[in-house]
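Participant: What follows is each chain in one-letter form.
There are 2 protein chains.
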Amino acid sequence: MTDLVDRAVGGDPRAVARLVSLVENGSPDLREITARLVAHAGSAAVVGITGSPGVGKSTVTSALVGAYRAQGRKVGVLAVDPSSPFTGGALLGDRVRMQDHATDRGVFIRSMATRGHLGGLAWATPQAVRVLDAAGCDVVLVETVGVGQSEVDVAALADTTLVLLAPGMGDGVQAAKAGILEVGDVFVVNKADRDGADQVVRDLRSTVRLAERAPGDWRQPILSTVAARGEGIDEVVEAIAAHMAWADESGEAQRRRVRRARDEIEAIAVTDLRRRFAALHGDERLDDLARGVLAGELDPYAAAEKIVAAVS
Amino acid sequence: MTDLVDRAVGGDPRAVARLVSLVENGSPDLREITARLVAHAGSAAVVGITGSPGVGKSTVTSALVGAYRAQGRKVGVLAVDPSSPFTGGALLGDRVRMQDHATDRGVFIRSMATRGHLGGLAWATPQAVRVLDAAGCDVVLVETVGVGQSEVDVAALADTTLVLLAPGMGDGVQAAKAGILEVGDVFVVNKADRDGADQVVRDLRSTVRLAERAPGDWRQPILSTVAARGEGIDEVVEAIAAHMAWADESGEAQRRRVRRARDEIEAIAVTDLRRRFAALHGDERLDDLARGVLAGELDPYAAAEKIVAAVS
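Heads up: the protein sequence lines correspond to chains A and B, in order. In this text, residue positions in the first sequence follow my numbering: the first is 10, and each later residue adds one. In this text, residue positions in the second sequence follow my numbering: the first is 10, and each later residue adds one.
This is chain A alone, in the form it adopts within the complex (with noise of 0.2 Å):
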């Protein structure tokens, strides 16, 4: 373990990819894994990289790549399926598109699917983004499907979140409702030159000047991209630029890490409870509580009351 840790802290493609994908299973060496990573890890910008499917976020995802390499600087890439909990299968079929950069030895690409769903995203994502951190990457782009709660979650860890949109999708008051000024630090209206995409950069407009801000907020940019192009990526890279340096000065960029290692600890914590309860009572007697509510002999507070003093 420790000779995996030393080859993936030395940028060693294949150690990170083992890594990741103990992650992902929910090894029992991360706790191993975890201390030693934890030294080495902390520099990277974490991106992340949401909108609902269809946007093109794999594309820009990689022109982003594209952009960062141009920099010079090292690059992780961590998609996640975080609908897959059924199969623990990510059906990722337009990862092709990152094949651009699969020879680029500074380039990190690992997908991942989330399982369980307690947490499932809270739990693995900021350890897998750890592994790339620890690894050497300047910039590790988080990318994930969604409006809901894996937007949020993704939220929680990024350090810049970018939310995808496009025409066609749905107008602006869905976008609205899809709560997602509350996660986006940027909004990028990705397939400008289709149809439709002057209003959704019109809509998007009036709802973020309608949205209240104290003296010093962040006021989200809204860019363009056609992103199959090229097009209006390096105005992303400024804007991403732009934003985690308003964070680190505004201290919010210290806010969401703390946030983010406080999520990490709580869910850690919770998995723990779950094992320890597992390992006295066996995991049929969770089962048990479970027939005693359905069946109205309990109520779940009782049922949790059981747990808790099970472990104390």
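Don't read these hints as lab results, they were simulated from the structure. Among the clues, some could well be false.
Partial chain A-side listing against chain B, Cβ under 10 Å, derived [what the hints assert, rightly or not]:
#, residue
1, GLN80
2, ALA276
3, ARG283
4, LEU289
Glycine residues also receive a C-beta, built at the ideal position from the N, C-alpha and C atoms.
Position chain B relative to chain A; hints supplied.
Facilitator: Frame of chain A, contents of chain B only:
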């Protein structure tokens, strides 16, 4: 509190509304409320309705309410907005469509924003469903936006989950990527009068055909609707009934209900753990641990152990 529960069980809409608000706000009275509700709940059929923004979830939900009312069944609607944890405010712009049913005493409509991000939906939604169930609803429709975690959470709590799609929201590969096959029991292609609807149906059909199944497994039907005109809704109601009959027969219904109860118990245990820790050490202590992890002074597992040890 006893009085409030009694009135809700008796079908008083104001008492129901008040209880859902108490759930939403994480009231300290929840424990007592839940203990009283459990004996009255357990008979409602819970239908999850999910899909990307713009597919017409509210229109389909409203049409389903009408269909169930025509059968003389009492209906509860819970519109869950999982993506506004930062403001805590639900942006339910198209909730207006529900106003068709606003004066019908046989329909309870509540919207709810889920707070915080670790297990937000998993925590509050089953409790709100229990309120509507205990208030005598035969059917509870839980509507939520999203293709990520929120969708998975809805699938976990529903007896039957409808996944809605519409033309122009991304192609079939994207649908597969979003993992909807693993979440949906019934697929509904809404806005079926629009260009591209046939293609969405074809893509879905070939994806469903390719999915691995054991003999006796449920084969997801793919239905087309124009919900704004009520077209295809009766077929959706029939498909839901067919799925529920299959689930009862096969034992899947009971498995889902046990899993749901387990999830709820665990979510309560986690919250309890967090509360105990904060009571013992103050909320600031967790921040201190988080800062220690950020500084590389301790690893998150060691921090989590301190939390669990502190409440043991």
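Participant: Check each numbered hint against the structure and report the violated ones by number, ascending.
Facilitator: 1, 4
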